[in-house]
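> As a plain string of letters, each chain reads:
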Amino acid sequence: DSGVTQTPKHLITATGQRVTLRCSPRSGDLSVYWYQQSLDQGLQFLIQYYNGEERAKGNILERFSAQQFPDLHSELNLSSLELGDSALYFCASSVGVAGGHETQYFGPGTRLLVL
Amino acid sequence: AQKITQTQPGMFVQEKEAVTLDCTYDTSDPSYGLFWYKQPSSGEMIFLIYQGSYDQQNATEGRYSLNFQKARKSANLVISASQLGDSAMYFCAMRERNAGGTSYGKLTFGQGTILTVHP
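Chains as they are written, first to last, in the numbering used here: chain C, 1 to 115; chain Y, 1001 to 1119.
Chain C extracted, bound-state conformation:
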């Protein structure tokens, strides 16, 4: 158990819908990251937050948005869903942003299926 929690574990929804994925980082970790894993794209970085502020953006679609709340949990919102958004979405956390040595610990992931 990494200490990172993600809910829900599985999500099945229809095209055009909107969903929210939730993540709680490990105790003491201030940095949260979201990744998408799909068969065709592999593991792709979406976005990073540090202590409530956005720090870096990857290949995140405009239909997707995220935020980190004062209690440090984070939510990833996916809207106008398309079939191609079906993927495993991971949240990861690390202590901060100060060093390349900081390990990112991953949650169990949310498996999203868009029908």
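I should point out that these hints are in silico values taken from the structure, not numbers from a laboratory. Among the hints, a few may not be true.
Computed footprint of chain C on chain Y; a stretch qualifies when at least three of its residues, placed anywhere within it, have a C-beta under 8 angstroms from a C-beta of chain C [to be verified]: (1) 1013-1023; (2) 1027-1038; (3) 1100-1106.
Don't be surprised by glycine CBs; every beta carbon is placed ideally from N, CA and C.
On the provided structure of chain C, position chain Y as indicated by the hints.
Structure of chain Y alone, referenced to chain C:
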């Protein structure tokens, strides 16, 4: 350009034997971190081992060791005494500074290697 390259889509090893999973990387940043993660069929991502770009010695964690050759930009994972439970997908990843160079952020992952351990 691919920043992390794992050239072995699949590898097979006999139980109790050692196996090396290859990883090469590309960066111009002198300060970076290299990581290996294991993803079993259940889907979770498990951290295995870390190597820093300034580390003089190769990292080791139990049965895992990292063969770090900085000049060749390679960071191969060696698993000794393979066990059936080692069967999984293995990812090499690199952490660099974010654009602007003031903080560290995302991990960039390779495509992964599926390891199958035979009894």
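> It remains to establish, for every hint, whether it holds in the given structure.
Checked hints:
1. Figure legend: the region 1013-1023 of chain Y, annotated as covered by chain C; annotation inconsistent (0 residues with Cβ-Cβ distances under 8 angstroms, at least 3 required).
2. Proximity of the region 1027-1038 of chain Y to chain C, defined as three or more residues with a beta carbon under 8 angstroms from a beta carbon of that chain, is established by the 5 residues found.
3. Proximity of the region 1100-1106 of chain Y to chain C, defined as three or more residues with a beta carbon under 8 angstroms from a beta carbon of that chain, is established by the 4 residues found.
Taken one by one, the earlier hints fail for this structure only at number 1.
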